[in-house]
Amino acid sequence: MPETILGTIQKTYHSSPGFSAGVLTADDGRTVRFAGKFCANDGDVVALVGHWKHDAKYGRQFVVESLSYELPETSEGLVNYLAKHPAFTGIGESTARRIVIYAASAANLDGIIRQDVDELHRALRVPRATLESLREAWIANSSENEVRAYLSGFGLTAHQVETLLEKFGNSIVGVLRSDPYQLIQHVRGYGFKKVDKIARAMGTPKDHPGRIEAGLQYVVTEEIGNGHTWIGGADILDKANELLLLDTLDSREMIRRAGERLLQAGMLIADGSAVATAALLEAERFIQQTFAAHAVEAHPAQRVTDGRLNHCQQIAYANALTQRISVISGGAGTGKAQPLDAKILTPSGWRRMGEIKSGDRVIGANGRACRVAAVYPQGRRQVYRVIMTDGASTECCDEHLWLTRSQNDRDRARAERVLPLHEIRAALCSPNGKRQHWIPMVTPVEFAGGELPLDAYVLGLLLGDGCFRVPRGCAFSNGDPTVVAALAAGLPHGCRLRRSASRPIDYRIYGNGQGDGNALLVALRELGLEGKGAADKFVPEPYLLSRSAHRLSLLQGLLDADGSTDGHSVEYTTTSLRLANDVVFLARSLGGTAACAERQTYYTHGGERRAGKPSYRIHLCLPGYIWPFRHPRKACSYVPHTKYQPRRAIQAVQPVGVKEVQCIVVDAPDHLYVTDDFIVTHNTYTVAAVARACRAQDLSVAVCAPTGKAAKRIEETLRAEGVDLEAKTIHRLLKYDGTRFNRDSLSEPIAADPENDADGGEPGYDVVIVDEVSMVDVPLMAELLRRIDFGRTRLILVGDHNQLPPVGPGNVLRDIIAHRLVPLVVLDEIVRQAGVLKANSSAILTGVVAPTAVSDPAWTVVDAFQDALPIQAYLRDLVLKKLPQRLGVDPIRDVQIITPTHLGALGTKAINQMMQHLLHGDPGRKFAVGDKVIQTSNDYDLGIMNGTIGRVLEHEPGAEGGYWIDFDGVGTRQIKGDAVHDVQLAYALTAHKAQGSEFPCAVVLCHRSHFFADRNWLYTAVTRAAKYCVLIGDQWGLRNAARKNQVIHRRTFLDRWARAPTDGVRNGQELVHA
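First residue of the sequence shown: 60, per the numbering used here; consecutive thereafter.
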């Protein structure tokens, strides 16, 4: 049976929020030794509840199980408690005050509420149901009513009271009396300013040691929140003095002594005059030591190459495959584009580049269909015509990539290289005049094909030596019995040849009857050839786009009829320009080359020499495995190419003017696709090349990024480049459960769980690739590095150092680049964009905001607004009307508003509310169906990462309801309860939230009221645009942001140590001599 002892605490031997021990003088005069899990203070009047126990060391003592305090009675505390506690429904501040005044004291109030609510009802006219509810809730909370009323007297909200009681129970009173600033350490969400308000209301003096120490720690925490990892000793004294307002002449000395106490206790740590938290300094020290130990330049890396990459990409590629740690920074590759009127070969024939969409299928260099993984419109750019040695040509921009190989490369058995057109233009020929840039040929193309009404070889013979103008029939002229026999054998069922009596080489083809009874005539009519003369013949489209075997049969028929060979070379002659072009198409579609030459023919009539119809001679060169003839005599004369296969070289490059251009990314292992005249062209991505090389070496590769959106983007990009790797967030890779990182090593495998069939374990990784590393802060980088055994695993860091630094402390990527802490390559192009968008985005890095591109909608600047409110009105019309009408974009799915701040007329909160109201009216709840939303923290249970955008599909009312939201790349999830707090409207985002994502159209707000916006913020914001960017603000605001390059002022230990190396950390006994 628990015993209760009333008395006053005389002395404490130990006192903390978790445990206290001391001596109490009981009201009956006894001296009681006590110990328990509560916070005790000398002089507290308490009632201890517990039992006696004999301790081997301390003897007989009272073990405290619970306690209560004699608390001062304040009417204001009682009023606040009754009015604000959610259990007391129907009691507002006015009713609560009337009840407290009527009761006159806490003791009377307890008795009245428990025993006689009728009295309150008669005297105050408070509804009986409300009073009955009050009595039930009061009795249910009776053990803590006094404490709740006491805490409410200091202005704490009901939620704050419940949080403190949940953490400390009734001992919260002792905690607050001893040192209220202890709450900062023990209760999440209680910072210095919140606790200081409580403490000051309790009468805690300004110069309380706990307050000064908490103020110093708050200053350091604020610096960390601003991205710094340390603060100078003199600065921390000045900021703490300004914060604490101690009202004493020796305030700085008091603060300095408090700082020394924190240093001695290890709560803060000093490196020279730099002050930081121990955890942050140790994390950054570990990063520095890891880089120094493993980031050693390995010169043999330069011998590791991939000829498909340009020079800078080659170095990045070599570093990644040979260094233990390497960095690829800047844009993620090189831009490439062709004009919208360029022809792209698809399984169903030619289509214009401007018609190609993501998900379409095009023909790759292997002749097979591959998927278009992404399409990147790149604005208007200077375009060049690239002419090949066989007369084939296509158009592209100066940065377009080509897979080429020189004769010297061939002689020395060197691999192909990927070069942009501007490098090719600069060196078309070698010094001795030889062509330098030979490109690969397409292998025989496999079109979708279909049923053909006539044998392909027979059609070839007829196109060569047939006549389609014979009334109700068809004629054929050829004196070679082998050809005639082949034609007769291949004619449709029921058709036959009949030789002319007057001309033995002429034949008529008859059916079983006339007209529709002649199957050949029906087929010719269906194909559009009936009645065509020699100069009008052509190959019908179904045959041009048939399977490669059918196209070869057709070509063999044409060449057996009218073709010739002198051994290696093959020629075909026709008077039909259309047929000549079709023969060129057939040869090129089978992997060969074909050059067509026109010559004028002449004839003599009546002794007069006259000009005839032009003749077209096609010279064909076919691969060695393609046999162009069936005719025995011609086949025996032909010697196929074995050593010198068909090939093309770039012969000339001519400017053609400025055109709208577009880039496509194809899902093919070699990144090649077929354009005009069956020319094979290229696309590439450096990180994909590295990942592909690692996979080719049978290495296990992990790909990760700081956010779910960034992880999804790199996974899609790699897949588009033919590399199928799952990308995870760093937290998920390290198995973070919301409290700790549960994977101890990325280099060692995780065994499968025998009790869980779904858990197949995970491999140990040979290579870890981290994308968007500019977003990784110091603590997360340290956690990642701690889990890599660099004796086995390589680390490749990828990111754009010109973007915003991480939200958390540090500036790891910029520090690496500024001081070359590891082998690195900075790529200076942007994959996402090119043309006007790319050029103007890059110009921001030089401090320039380019004006509106008059002829290109990709870049628009509206900078005439002086006040913020008119921008809201303009934004409404722009997003909901003008952009959809002019650009064809969806205002919710495709348009993203980006602004520097959450607050103010142009902050995310105001704009999101405005957009929600315009689209859905007043939903009467947090979200409307159709709202665009974003997850603001990682939810590992639901599998939704911070930064994932979604659309609200359904609202389900009730306690167990919530919202059904379709999250990008995740699927539909039910969000309810506290999880709703982690989802916010996403019509407008800050650049930090948008970082790692891209959107078809970005609307960027930058006004003079955003005085803190800087160059890196503006660059990050505009580079979120994939197609179109609209900048809105005023001239001063935009110009000021572009010129302010303040991110380099982040104070980090990596930068400090690189500038002035030290022998180690000195945890000094004094904060600073200031």
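Simulated from the structure, these hints should not be mistaken for laboratory data.
Heads up, the beta-carbon is just placed ideally off N, CA and C, and yes, glycines get one too.
A portion of the hints provided could be inaccurate.
Unchecked claim - Taking lysine-lysine pairs in the DSSO-like style, the calculated list, with each CA pair at most 27 angstroms apart, reads: (1) K226 <-> K256; (2) K96 <-> K226; (3) K1035 <-> K794; (4) K298 <-> K941; (5) K298 <-> K253; (6) K116 <-> K96; (7) K252 <-> K968; (8) K941 <-> K968; (9) K70 <-> K116; (10) K226 <-> K265; (11) K416 <-> K112; (12) K787 <-> K718; (13) K493 <-> K591; (14) K718 <-> K794; (15) K253 <-> K1103; (16) K96 <-> K112; (17) K940 <-> K416; (18) K112 <-> K70; (19) K1035 <-> K226; (20) K985 <-> K940; (21) K1035 <-> K416; (22) K718 <-> K693; (23) K253 <-> K226; (24) K968 <-> K940; (25) K1035 <-> K787; (26) K96 <-> K70; (27) K402 <-> K96; (28) K96 <-> K253; (29) K718 <-> K672; (30) K402 <-> K416; (31) K985 <-> K968; (32) K70 <-> K265.
Stated by the list, open to error - Restraint-style ranges between C-beta atoms, simulated for each label pair: (33) E775 <-> Q659: 51 to 59 angstroms; (34) W409 <-> R845: 41 to 49 angstroms; (35) T448 <-> V698: 41 to 49 angstroms; (36) D757 <-> L904: 51 to 59 angstroms.
Hint check results:
1. K226 <-> K256: Roughly 19 angstroms between the alpha carbons, so the hint for K226 and K256 holds.
2. K96 <-> K226: holds (12 angstroms)
3. K1035 <-> K794: holds (24 angstroms)
4. K298 <-> K941: Given pair K298, K941 is violated - Cα atoms ~49 angstroms apart, limit 27 angstroms.
5. K298 <-> K253: holds (18 angstroms)
6. K116 <-> K96: Measuring from Cα to Cα gives roughly 19 angstroms; hence the hint holds.
7. K252 <-> K968: Given that 27 angstroms is the threshold and the Cα spacing comes to 24 angstroms, the pair holds.
8. K941 <-> K968: Status holds; Cα separation ~23 angstroms.
9. K70 <-> K116: OK: K70 and K116 at ~18 angstroms, within 27 angstroms.
10. K226 <-> K265: Holds. K226 to K265 sits at ~26 angstroms (cutoff 27 angstroms).
11. K416 <-> K112: Violated, because 80 angstroms separates the two Cα atoms, which is more than 27 angstroms.
12. K787 <-> K718: violated (39 angstroms)
13. K493 <-> K591: violated (45 angstroms)
14. K718 <-> K794: With a Cα-Cα distance of about 49 angstroms, the restraint between K718 and K794 is violated, given a limit of 27 angstroms.
15. K253 <-> K1103: Since the Cα atoms of K253 and K1103 sit roughly 34 angstroms apart, the hinted pair is violated (cutoff 27 angstroms).
16. K96 <-> K112: Satisfied, since the Cα-Cα distance of roughly 15 angstroms is no more than 27 angstroms.
17. K940 <-> K416: holds (24 angstroms)
18. K112 <-> K70: holds (20 angstroms)
19. K1035 <-> K226: holds (25 angstroms)
20. K985 <-> K940: The given pair, whose Cα atoms are some 25 angstroms apart, holds under the 27 angstroms limit.
21. K1035 <-> K416: It is violated: about 38 angstroms lies between the C-alpha atoms, which goes past 27 angstroms.
22. K718 <-> K693: With Cα atoms ~47 angstroms apart, K718 and K693 exceed 27 angstroms; violated.
23. K253 <-> K226: holds (17 angstroms)
24. K968 <-> K940: OK: K968 and K940 at ~22 angstroms, within 27 angstroms.
25. K1035 <-> K787: Cα-Cα ~25 angstroms, so holds.
26. K96 <-> K70: holds (16 angstroms)
27. K402 <-> K96: The given pair, whose Cα atoms are some 79 angstroms apart, is violated under the 27 angstroms limit.
28. K96 <-> K253: Distance ~25 angstroms between K96 and K253 Cα, so the pair holds.
29. K718 <-> K672: violated (37 angstroms)
30. K402 <-> K416: holds (14 angstroms)
31. K985 <-> K968: holds (12 angstroms)
32. K70 <-> K265: holds (25 angstroms)
33. E775 <-> Q659: 51 to 59 angstroms: holds (56 angstroms)
34. W409 <-> R845: 41 to 49 angstroms: violated (55 angstroms)
35. T448 <-> V698: 41 to 49 angstroms: At roughly 22 angstroms between Cβ atoms, V698 and T448 fall outside 41 to 49 angstroms, so the hint is violated.
36. D757 <-> L904: 51 to 59 angstroms: Because 40 angstroms falls outside the window, the suggested range is violated.
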